[in-house]
Amino acid sequence: MCLAIPARIVEKLEGDAARVDLGGVRKEISLALVDGAEIGDYVIVHVGYALSKLDPEEAAKTLALFEASGLDLQAIAEGSA
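First residue of the sequence shown: 53, per our numbering; consecutive thereafter.
Some clues are possibly wrong.
Unchecked claim - Below, computed lysine to aspartate or glutamate pairings styled on DMTMM-like, alpha-carbon distance capped at 20 angstroms:
no., residue 1, residue 2
1, Lys-64, Glu-80
2, Lys-105, Asp-68
3, Lys-79, Asp-93
4, Lys-79, Glu-66
5, Lys-113, Glu-80
6, Lys-113, Asp-93
7, Lys-64, Glu-90
8, Lys-79, Glu-63
9, Lys-105, Asp-87
10, Lys-64, Asp-87
11, Lys-105, Glu-90
12, Lys-79, Glu-90
13, Lys-79, Asp-68
14, Lys-105, Asp-93
15, Lys-64, Glu-119
16, Lys-105, Glu-80
17, Lys-113, Asp-73
18, Lys-113, Asp-87
19, Lys-105, Asp-73
Unchecked claim - Now the in silico label distances, taken between C-beta atoms and shown as ranges:
no., residue 1, residue 2, range
20, Gly-76, Asp-107, 18 to 24 angstroms
21, Gly-67, Gly-122, 32 to 38 angstroms
22, Ile-91, Thr-114, 32 to 38 angstroms
23, Ala-84, Lys-113, 22 to 28 angstroms
In short, the hints are calculated from the structure, not lab data.
Glycine included, every Cβ here is placed at the ideal spot set by N, Cα and C.
Turn these sequences into a full structure, and let the hints steer you where they fit.
What follows is the structure in structure tokens.
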């Protein structure tokens, strides 16, 4: 199953790289496809790339839907789901 998951940017790294929080898991991703993403912003992440920015309210709704459906975001973020 492939999912695009909301994640919060917690650190900007060198170049287009950033570290995000995906359900408690920290991952390094690329921001190359998203202009103007900053620390604290939510982005939609798929296969290691941020695809777009997302407002915090929409991110919260999406994460709540994932949780309500029983998806284990931590396992998905770690690649074990």
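How the hints compare with the structure:
no., hint, in the structure
1, Lys-64 with Glu-80, "9 angstroms, holds"
2, Lys-105 with Asp-68, "15 angstroms, holds"
3, Lys-79 with Asp-93, "15 angstroms, holds"
4, Lys-79 with Glu-66, "14 angstroms, holds"
5, Lys-113 with Glu-80, "23 angstroms, violated"
6, Lys-113 with Asp-93, "15 angstroms, holds"
7, Lys-64 with Glu-90, "7 angstroms, holds"
8, Lys-79 with Glu-63, "10 angstroms, holds"
9, Lys-105 with Asp-87, "9 angstroms, holds"
10, Lys-64 with Asp-87, "13 angstroms, holds"
11, Lys-105 with Glu-90, "10 angstroms, holds"
12, Lys-79 with Glu-90, "16 angstroms, holds"
13, Lys-79 with Asp-68, "14 angstroms, holds"
14, Lys-105 with Asp-93, "7 angstroms, holds"
15, Lys-64 with Glu-119, "27 angstroms, violated"
16, Lys-105 with Glu-80, "16 angstroms, holds"
17, Lys-113 with Asp-73, "16 angstroms, holds"
18, Lys-113 with Asp-87, "23 angstroms, violated"
19, Lys-105 with Asp-73, "14 angstroms, holds"
20, Gly-76 with Asp-107: 18 to 24 angstroms, "21 angstroms, holds"
21, Gly-67 with Gly-122: 32 to 38 angstroms, "37 angstroms, holds"
22, Ile-91 with Thr-114: 32 to 38 angstroms, "20 angstroms, violated"
23, Ala-84 with Lys-113: 22 to 28 angstroms, "27 angstroms, holds"
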